[in-house]
Every structure is written in structure tokens, then in C-alpha cells.
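Novice: Sequence:
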Amino acid sequence: MPELPEVEAARVIAQRVAAGRRIVAAHCTEDPIVFEGVSAARFTRALKGCRVTAVRRRGKHLWLELDRRPWPTFHFGMAGGFHSTAMRGVRLVSHGSVDRFADWPPRFTKLRLTFEDGGELVMTDGRRLGRIRLREDPLREPPISLLGWDALHELPPPARFRAALRERTAPIKAVLLDQGFAAGVGNWIADEVLYQARIAPGRRAHTLTPAEADRLRARIRSVMKTAVGARSDSDGFPRTWLFHHRWGKNADARTARGERIRHTTVGGRTTAWVPGVQR
DNA sequence: CTCAGTGTTCAGTG
DNA sequence: TCACTGAACACTGA
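Going letter by letter, the first sequence gives residues 184 to 462 in our numbering.
You may find that some hints are simply not true.
What the hints assert, rightly or not - Cut-off 25 Å, straight-line C-alpha distance, at most; resulting in silico cross-link-like pairs (SDA-like, lysine to any residue):
| id | residue 1 | residue 2 |
| --- | --- | --- |
| 1 | Lys-408 | Asp-435 |
| 2 | Lys-231 | Pro-340 |
| 3 | Lys-231 | Arg-290 |
| 4 | Lys-408 | Gly-331 |
| 5 | Lys-432 | Ala-383 |
| 6 | Lys-408 | Met-261 |
| 7 | Lys-231 | Arg-323 |
| 8 | Lys-408 | Gly-363 |
| 9 | Lys-231 | Asp-250 |
| 10 | Lys-408 | Phe-291 |
| 11 | Lys-432 | Pro-354 |
| 12 | Lys-408 | Pro-340 |
| 13 | Lys-432 | Gly-385 |
| 14 | Lys-231 | Pro-289 |
| 15 | Lys-432 | Asp-361 |
| 16 | Lys-432 | Arg-452 |
| 17 | Lys-231 | Pro-215 |
| 18 | Lys-231 | Ile-216 |
| 19 | Lys-408 | Val-276 |
| 20 | Lys-432 | Thr-392 |
| 21 | Lys-408 | Ala-434 |
| 22 | Lys-432 | Gly-451 |
| 23 | Lys-432 | Thr-447 |
| 24 | Lys-231 | Gly-301 |
| 25 | Lys-231 | Asp-333 |
| 26 | Lys-432 | Thr-390 |
| 27 | Lys-408 | Ala-357 |
| 28 | Lys-432 | Asp-397 |
| 29 | Lys-432 | Gly-419 |
| 30 | Lys-432 | Gly-363 |
| 31 | Lys-432 | Asn-370 |
| 32 | Lys-432 | Arg-402 |
| 33 | Lys-408 | Asn-433 |
| 34 | Lys-408 | Arg-398 |
Stated by the list, open to error - Cβ pair distances, simulated, as ranges:
| id | residue 1 | residue 2 | range |
| --- | --- | --- | --- |
| 35 | Glu-324 | Gly-412 | 45 to 51 Å |
| 36 | Lys-231 | Trp-287 | 19 to 25 Å |
| 37 | Trp-287 | Arg-462 | 33 to 39 Å |
| 38 | Arg-351 | Trp-287 | 41 to 47 Å |
| 39 | Asp-435 | Arg-323 | 32 to 38 Å |
| 40 | Thr-423 | Arg-349 | 28 to 34 Å |
Hints listed in this document are in silico derivations from the structure and should not be mistaken for laboratory results.
Just so you know, these numbers come straight off a predicted model, no measurement behind them.
C-beta: ideal position from N, C-alpha, C; glycine also.
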């Protein structure tokens with residue numbers, strides 16, 4: 184579920200329910216996989232009584248800034264997300280929908296924070312590939328310190344972007360998925376960006392022409408911006424996007440323009456692309 | 001029952 | 001040494 188746009192949506196939700204407020208209770212599920220290197224007891228101790236000063240994001244990682252360190256950091260893996268309730272009975276979910284009737288706390292809750300005003304922030308993860316950690320200074324410590332440019336805010340100027348591609352020999356799709364390159368790009372966004380830039384996913388990165396590299400950079404930006412601005416996945420995405428037609432691996436899948444979509448594996452991941460358009 | 005999956009890590013390879 | 005590759009991880013839902 185979570186690529187950069189959904190993580191950004193989760194950040195906004197958390198900012199809304201948590202920023203400026205004191206944590207009065209922190210309930211952790213005992214889960215040594217998701218809580219990496221921290222016991223539930225220590226995690227609770229670190230958070231309880233703290234005031235949240237801000238909610239930050241870099242790539243697909245999130246963290247809460249507190250008035251006391253260490254700070255909690257979050258990664259959603261394949262299936263994690265934030266849910267919040269800010270009184271009123273309305274629930275905000277990081278994958279865009281709003282629901283009033285779901286169970287509370289939701290299924291697969293790993294962490295539940297209650298704030299002084301009664302609002303709650305929950306992290307769920309049904310697949311346990313997500314991680315919750317404690318860090319003294321998240322930006323300066325792994326894994327966040329190892330990330331490349333944030334794909335939404337930090338793409339370098341075209342010349343430097345081209346130079347970075349020249350140093351990589353892997354398929355361009357694999358490079359896009361490398362979080363040490365552009366942080367926040369995931370499987371469907373990599374495919375979307377390559378389709379819009381008209382570049383085949385299997386092309387070796389260093390073989391891209393300057394014009395292709397420039398198109399790629401521009402599309403990373405525009406896809407990220409549009410997806411972050413949309414209310415949720417799919418809803419609000421332009422009809423011409425590959426996104427709407429890439430799922431399901433149908434043999435006769437086509438884009439809105441009628442182009443035939445092919446599904447192959449590149450960089451170890453299912454890849455949807457249009458051989459007729461991408462070279 | 002089997003398989004794919006919006007992600008990351010790690011061992012093995014060249 | 002290091003970039004790259006594919007399997008492994010853990011679990012749900014189709």
C-alpha cells in the first residue's frame with residue numbers, strides 16, 4: 184500500500200491529531216518484529232507524557248518529533264498505515280478513505296497513542312513487514328540516513344540527476360526502486376513514471392540519453408505531486424495514467440489510449456509496461 | 001490450497 | 001570491493 188504519497192497522507196493525518204498535543208497513553212502490542220529492537224515497555228516509557236512538536240517524513244519513513252528524545256520512527260512495509268480519530272467519531276485512514284463504522288482500535292493495531300484532548304493515533308500492520316523504532320536523531324541514523332533524495336522535495340537539478348544515472352548499470356526500474364537513489368518511489372510509481380517518460384523498464388540506467396533522463400526526472404516530480412495532491416489512490420489520478428489499468432495482470436490489459444500492457448518481472452518485481460510506447 | 005503482493009534486507013555472484 | 005540479483009521475510013485476500 185504505502186509509497187510516498189500515502190506516507191505523506193499519513194503524515195498529514197498524524198500532524199492533525201498529534202501536533203502540539205501531549206501523549207497521555209501509549210499502548211503497544213507485544214511484537215518484537217514490528218517493534219525493532221525496542222520492548223513494548225521501553226517504547227511506552229519513551230513516549231508517555233511527551234508533547235509532539237511535529238511529524239516529519241523522508242521517503243517512505245515517518246517520525247514524531249517530541250519534546251524529549253528518543254523519537255519514534257515508522258515504516259509501513261507492504262501493508263501498514265495510520266488511522267486516527269479526532270473525537271467527532273470520524274476516522275481518518277492513511278489510504279484516503281474516511282469511515283465511521285469500523286472497529287476501534289482497528290484490526291492489526293500495533294501501536295495506539297492517546298492524546299490529552301482524547302484524539303488517538305493508531306498504527307496498524309497486518310503483514311508485519313512494517314517497523315517501529317526509536318532513534319535519538321532519525322535523520323542522522325540508519326535507516327533514514329541511508330535514503331537518497333526525497334522524491335517529492337529533493338530531486339536534484341537535471342544535470343546532477345543525469346550524472347547519477349550514468350553511475351548505475353542496473354535496469355532503470357531497479358534504480359528507481361532503490362531508496363538510496365530517490366526515496367519514496369515504489370513499484371507502481373516506478374512503472375507509472377517510466378510509462379509517462381516512454382522508457383522501457385529493462386533499459387540499463389547509464390544508457391539513458393540526456394533527454395530521457397530529463398523526462399524521467401520531470402515525471403517523477405509530476406507523478407509525486409499529483410498523487411500527493413489527490414484525495415486517495417486512483418481517485419483523482421488522471422485517466423491517462425497506467426495506474427488504472429496495471430492491476431490484475433490480464434493478458435488483454437490496455438491503457439486508456441488502447442495501448443497493450445505487458446506484465447513482466449524487472450528488478451525482482453512485477454512490472455507493467457507498454458512495449459509499444461516505452462523504448 | 002496456491003499464489004501474488006503499493007517493501008526491505010541479506011547472502012551469493014561475478 | 002561493490003553493484004547487482006534473487007530469495008526470504010510474514011501474512012492477507014483472491
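Novice: Taking the hints in turn, state whether each one holds.
Specialist: For each hint, the structure was consulted:
With a C-alpha separation of about 30 Å, the suggested pairing of Lys-408 with Asp-435 is violated against the 25 Å cut-off. Under the criterion of a C-alpha separation no larger than 25 Å, the hint pairing Lys-231 with Pro-340 is inconsistent with the structure, at around 43 Å. Under the criterion of a C-alpha separation no larger than 25 Å, the hint pairing Lys-231 with Arg-290 is consistent with the structure, at around 23 Å. Simply put, Lys-408 and Gly-331 have alpha-carbon atoms about 18 Å apart, close enough for the 25 Å limit, and the pair holds.
Straight-line distance between C-alpha atoms of Lys-432 and Ala-383 comes to about 18 Å, which keeps the hinted pair within the 25 Å bound. A hinted pair counts as satisfied when its Cα atoms are at most 25 Å apart, and Lys-408 with Met-261 qualifies at roughly 22 Å. At most 25 Å may separate the alpha-carbon atoms for a hinted pair to count; Lys-231 and Arg-323 meet this at roughly 24 Å. Our distance criterion of 25 Å between C-alpha atoms is met by Lys-408 and Gly-363, whose separation comes to about 20 Å.
Between Lys-231 and Asp-250, the direct Cα distance comes to roughly 11 Å. Compliance with the 25 Å bound is thereby established for this hinted pair. For the suggested pair Lys-408 and Phe-291, the alpha carbons sit about 30 Å apart, so the restraint of at most 25 Å is broken. Proposed proximity of Lys-432 and Pro-354 is supported: the alpha carbons are some 21 Å apart, at most 25 Å. With a CA separation close to 17 Å, the supplied pair Lys-408 and Pro-340 stays within the 25 Å bound.
Using a Cα cut-off of 25 Å, the hinted pair Lys-432 and Gly-385 holds, with the two alpha carbons roughly 18 Å apart. Taken as a hint, the Lys-231 and Pro-289 pair is honoured in the structure, with Cα atoms around 21 Å apart against an allowance of 25 Å. About 24 Å separates the Cα atoms of Lys-432 and Asp-361, which keeps this hinted pair within 25 Å; it holds. Using a Cα cut-off of 25 Å, the hinted pair Lys-432 and Arg-452 holds, with the two alpha carbons roughly 13 Å apart.
With a C-alpha separation of about 20 Å, the suggested pair Lys-231 and Pro-215 falls inside the 25 Å cut-off, and the hint holds. A threshold of 25 Å between alpha carbons decides the hint, and for Lys-231 with Ile-216 the separation of about 22 Å falls inside it, so the pair holds. A threshold of 25 Å between alpha carbons decides the hint, and for Lys-408 with Val-276 the separation of about 20 Å falls inside it, so the pair holds. At most 25 Å may separate the alpha-carbon atoms for a hinted pair to count; Lys-432 and Thr-392 exceed this at roughly 30 Å.
For the hint linking Lys-408 to Ala-434, the alpha-carbon distance of about 31 Å lies beyond 25 Å, and the restraint is violated. For a cut-off of 25 Å, the pair hint linking Lys-432 to Gly-451 stands: about 16 Å separates their Cα positions. This hinted pair checks out: Lys-432 and Thr-447 have alpha carbons roughly 9 Å apart, not beyond 25 Å. Note on Lys-231 and Gly-301: the hinted pairing holds, with a Cα-Cα distance of about 14 Å set against a maximum of 25 Å.
About 30 Å separates the Cα atoms of Lys-231 and Asp-333, which puts this hinted pair outside 25 Å; it is violated. Our distance criterion of 25 Å between C-alpha atoms is broken by Lys-432 and Thr-390, whose separation comes to about 28 Å. A C-alpha spacing of about 22 Å is found between Lys-408 and Ala-357, which places the hinted pair at or below 25 Å, so the restraint holds. With a C-alpha separation of about 30 Å, the suggested pairing of Lys-432 with Asp-397 is violated against the 25 Å cut-off.
With a C-alpha separation of about 23 Å, the suggested pair Lys-432 and Gly-419 falls inside the 25 Å cut-off, and the hint holds. Restraint check: the Cα-Cα separation between Lys-432 and Gly-363 comes to about 29 Å, which exceeds 25 Å; the hinted pair is violated. A C-alpha spacing of about 14 Å is found between Lys-432 and Asn-370, which places the hinted pair at or below 25 Å, so the restraint holds. Under the criterion of a C-alpha separation no larger than 25 Å, the hint pairing Lys-432 with Arg-402 is consistent with the structure, at around 24 Å.
Taking the CA atoms of Lys-408 and Asn-433, the gap is about 29 Å. The hint is violated against a cut of 25 Å. With a C-alpha separation of about 15 Å, the suggested pairing of Lys-408 with Arg-398 holds against the 25 Å cut-off. Range check, Glu-324 to Gly-412: about 31 Å between beta-carbon atoms, so the 45 to 51 Å window is missed. For the hinted restraint 19 to 25 Å between Lys-231 and Trp-287, the CB-CB distance of approximately 20 Å keeps it satisfied.
Checking the proposed 33 to 39 Å range against Trp-287 and Arg-462 shows it is violated: the Cβ atoms sit about 50 Å from each other. Range check, Arg-351 to Trp-287: about 46 Å between beta-carbon atoms, so the 41 to 47 Å window is met. Against the hinted window of 32 to 38 Å, the Cβ-Cβ separation of Asp-435 and Arg-323 comes to about 50 Å, which falls outside the hint. The hint said 28 to 34 Å for the Cβ distance between Thr-423 and Arg-349, and at roughly 30 Å that hint holds.
Checked against the numbered hints above, the structure violates hints 1, 2, 10, 20, 21, 25, 26, 28, 30, 33, 35, 37 and 39; every other hint is satisfied.
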